[in-house]
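Undergrad: Here's the letter readout for the chains.
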Amino acid sequence: GDNRAASKNSSDLIAYKNVNDVPPPRDCMIQIDQKNEAILLPIYGSLVPFHVATVRTVSSQQDTNRTCYIRIIFNVPGTAFNPHDANSLKFQGSIYLKEVSFRSKDPRHISEVVQGIKTLRRQVVARESERAERAT
Amino acid sequence: MSDGHLFNNISLGGRGGTNPGQLRVHPGGILWKKQGGGKAVEVDKSDIVGVTWMKVPRTNQLGVRVKDGLYYKFTGFRDQDVTNLTNFFQHSCGINPEEKQLSVSGRNWGEVDLNGNMLTFLVGSKQAFEASLADVSQTQMQGKNDVILEFHVDDTTGANEKDSLMEISFHIPNSNTQFVGDENRP
Numbered sequence: 001g002d003n004r005a006a007s008k009n010s011s012d013l014i015a016y017k018n019v020n021d022v023p024p025p026r027d028c029m030i031q032i033d034q035k036n037e038a039i040l041l042p043i044y045g046s047l048v049p050f051h052v053a054t055v056r057t058v059s060s061q062q063d064t065n066r067t068c069y070i071r072i073i074f075n076v077p078g079t080a081f082n083p084h085d086a087n088s089l090k091f092q093g094s095i096y097l098k099e100v101s102f103r104s105k106d107p108r109h110i111s112e113v114v115q116g117i118k119t120l121r122r123q124v125v126a127r128e129s130e131r132a133e134r135a136t
Numbered sequence: 137m138s139d140g141h142l143f144n145n146i147s148l149g150g151r152g153g154t155n156p157g158q159l160r161v162h163p164g165g166i167l168w169k170k171q172g173g174g175k176a177v178e179v180d181k182s183d184i185v186g187v188t189w190m191k192v193p194r195t196n197q198l199g200v201r202v203k204d205g206l207y208y209k210f211t212g213f214r215d216q217d218v219t220n221l222t223n224f225f226q227h228s229c230g231i232n233p234e235e236k237q238l239s240v241s242g243r244n245w246g247e248v249d250l251n252g253n254m255l256t257f258l259v260g261s262k263q264a265f266e267a268s269l270a271d272v273s274q275t276q277m278q279g280k281n282d283v284i285l286e287f288h289v290d291d292t293t294g295a296n297e298k299d300s301l302m303e304i305s306f307h308i309p310n311s312n313t314q315f316v317g318d319e320n321r322p
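As you go down the protein sequences, you meet chains A and B in turn. The numbering of the first sequence is the working numbering, which starts it at 1 and goes up by one. The numbering of the second sequence is the working numbering, which starts it at 137 and goes up by one.
Honestly, I wouldn't trust all of these hints.
[Unchecked claim] Computed spacing ranges between beta-carbons, pair by pair: (1) B/223 / A/65: 34 to 44 Å; (2) B/277 / A/93: 34 to 44 Å; (3) B/288 / A/111: 18 to 28 Å; (4) B/232 / A/66: 46 to 56 Å; (5) B/214 / A/34: 39 to 49 Å; (6) A/63 / B/142: 42 to 52 Å; (7) B/247 / A/127: 45 to 55 Å; (8) A/130 / B/158: 48 to 58 Å.
[Stated by the list, open to error] Pairs of lysine to any residue, SDA-like flavour, derived with a Cα cap of 25 Å: (9) B/262 / A/13; (10) B/262 / B/234; (11) B/298 / A/23; (12) B/298 / B/280; (13) B/262 / A/112; (14) A/17 / B/238; (15) A/35 / B/195; (16) B/209 / A/103; (17) B/169 / B/141; (18) A/105 / B/194; (19) B/298 / A/71; (20) A/17 / B/189; (21) B/298 / A/13; (22) B/262 / A/105; (23) B/298 / A/24; (24) B/280 / A/93; (25) A/105 / B/141; (26) B/298 / A/12; (27) B/236 / A/12; (28) A/17 / B/237; (29) B/236 / A/23; (30) B/236 / B/194.
Because the hints were derived from the structure by calculation, they are not lab data. Treat the numbers as computed from the prediction; the structure is a model and nothing was measured. Backbone N, C-alpha and C fix where the C-beta goes; we use that ideal spot for every residue, glycine too.
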């Protein structure tokens, strides 16, 4: 029973319950919502929220023109040490968003975003694994 | 509403972000003009094939699908505008607006729906995001289960977004039966 509770926790993490809880878009740029543990990605003029627990890795790159590229890889089933493995059974048949990449002209913003996502993700993963451990 | 209605602060959303403007809805159709001039969108009533409403953070979004496959998204309507415009579309155009719901749960698993040239990612039957396949420059399979969509890099549209989408990839597990044996989709 305890095992089930632990897996339930990580798969039931939800960024927002209500549409109006999502912060209104300021600029069409990647944002981090610390309080709701969400990252907001600008896709076709909307800010699309993803819970930070769905993120596997985030990285950035810069080319010679000072153009930055940020790549966010999400958890999908079938990868090693995947905290979402419980989901792949629970949500069998689902299609997963695996990866998104964006281009930006603002290197400072991108490095802040990368650091922000990494820090927030670390906090949430630590908290969740502690919770899972306590449950066993 | 016989003379039409004017809505200020209506943004047109798309690939390059959003642009503020003004929307006029009149018996002949709809007309959106970008603030300060420039781009305009004019849709004749007879070209509208479908209309959708969706509640988005703090406001409402109107989706207008037209005959040639284009799909316009206007954001910035108050709740009372939704009621008025719904009446207008029903009575003047004979179109019943559909209601869509936005997913804000933050999950990355759901379904992919292809309709015309729009790709919709749905989480729990609610829409998480939409992308136009017309902007996809290349699709690639990676391994047996991943599909990569590369988007055009467009510097000319007066985009006001700071971070531009370049690539999206989907992981389609073997357990998914929707796209089995169809290598041309999505």
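Undergrad: All the hints need checking, so say for each whether the structure fits it.
TA: Results of checking the hints against the structure:
1. B/223 / A/65: 34 to 44 Å: Violated - the Cβ-Cβ distance for residue 223 of chain B and residue 65 of chain A, about 51 Å, lies outside 34 to 44 Å.
2. B/277 / A/93: 34 to 44 Å: Roughly 20 Å apart at Cβ, these two residues miss the hinted range, so it is violated.
3. B/288 / A/111: 18 to 28 Å: With a Cβ separation near 26 Å, residue 288 of chain B and residue 111 of chain A satisfy 18 to 28 Å, so the hint holds.
4. B/232 / A/66: 46 to 56 Å: For residue 66 of chain A against residue 232 of chain B, whose Cβ atoms are near 50 Å apart, the range 46 to 56 Å holds.
5. B/214 / A/34: 39 to 49 Å: The hinted range 39 to 49 Å is violated for residue 214 of chain B and residue 34 of chain A, with Cβ atoms some 30 Å apart.
6. A/63 / B/142: 42 to 52 Å: The hinted range 42 to 52 Å holds for residue 63 of chain A and residue 142 of chain B, with Cβ atoms some 45 Å apart.
7. B/247 / A/127: 45 to 55 Å: violated, 30 Å
8. A/130 / B/158: 48 to 58 Å: holds, 53 Å
9. B/262 / A/13: Measuring from Cα to Cα gives roughly 17 Å; hence the hint holds.
10. B/262 / B/234: It holds: about 13 Å lies between the C-alpha atoms, which stays within 25 Å.
11. B/298 / A/23: Holds, at roughly 18 Å.
12. B/298 / B/280: With Cα atoms ~34 Å apart, residue 298 of chain B and residue 280 of chain B exceed 25 Å; violated.
13. B/262 / A/112: violated, 31 Å
14. A/17 / B/238: holds, 11 Å
15. A/35 / B/195: Holds. Residue 35 of chain A to residue 195 of chain B sits at ~22 Å (cutoff 25 Å).
16. B/209 / A/103: Since the Cα atoms of residue 209 of chain B and residue 103 of chain A sit roughly 23 Å apart, the hinted pair holds (cutoff 25 Å).
17. B/169 / B/141: holds, 14 Å
18. A/105 / B/194: violated, 29 Å
19. B/298 / A/71: Given pair residue 298 of chain B, residue 71 of chain A holds - Cα atoms ~15 Å apart, limit 25 Å.
20. A/17 / B/189: Distance ~20 Å between residue 17 of chain A and residue 189 of chain B Cα, so the pair holds.
21. B/298 / A/13: violated, 29 Å
22. B/262 / A/105: Between residue 262 of chain B and residue 105 of chain A the Cα gap is close to 32 Å, so the pair fails against 25 Å, i.e. violated.
23. B/298 / A/24: holds, 16 Å
24. B/280 / A/93: Holds. Residue 280 of chain B to residue 93 of chain A sits at ~15 Å (cutoff 25 Å).
25. A/105 / B/141: violated, 39 Å
26. B/298 / A/12: Given that 25 Å is the threshold and the Cα spacing comes to 32 Å, the pair is violated.
27. B/236 / A/12: Cα-Cα ~23 Å, so holds.
28. A/17 / B/237: This hinted pair holds, its Cα atoms lying about 13 Å apart.
29. B/236 / A/23: Within the cut-off at roughly 20 Å; holds.
30. B/236 / B/194: holds, 16 Å
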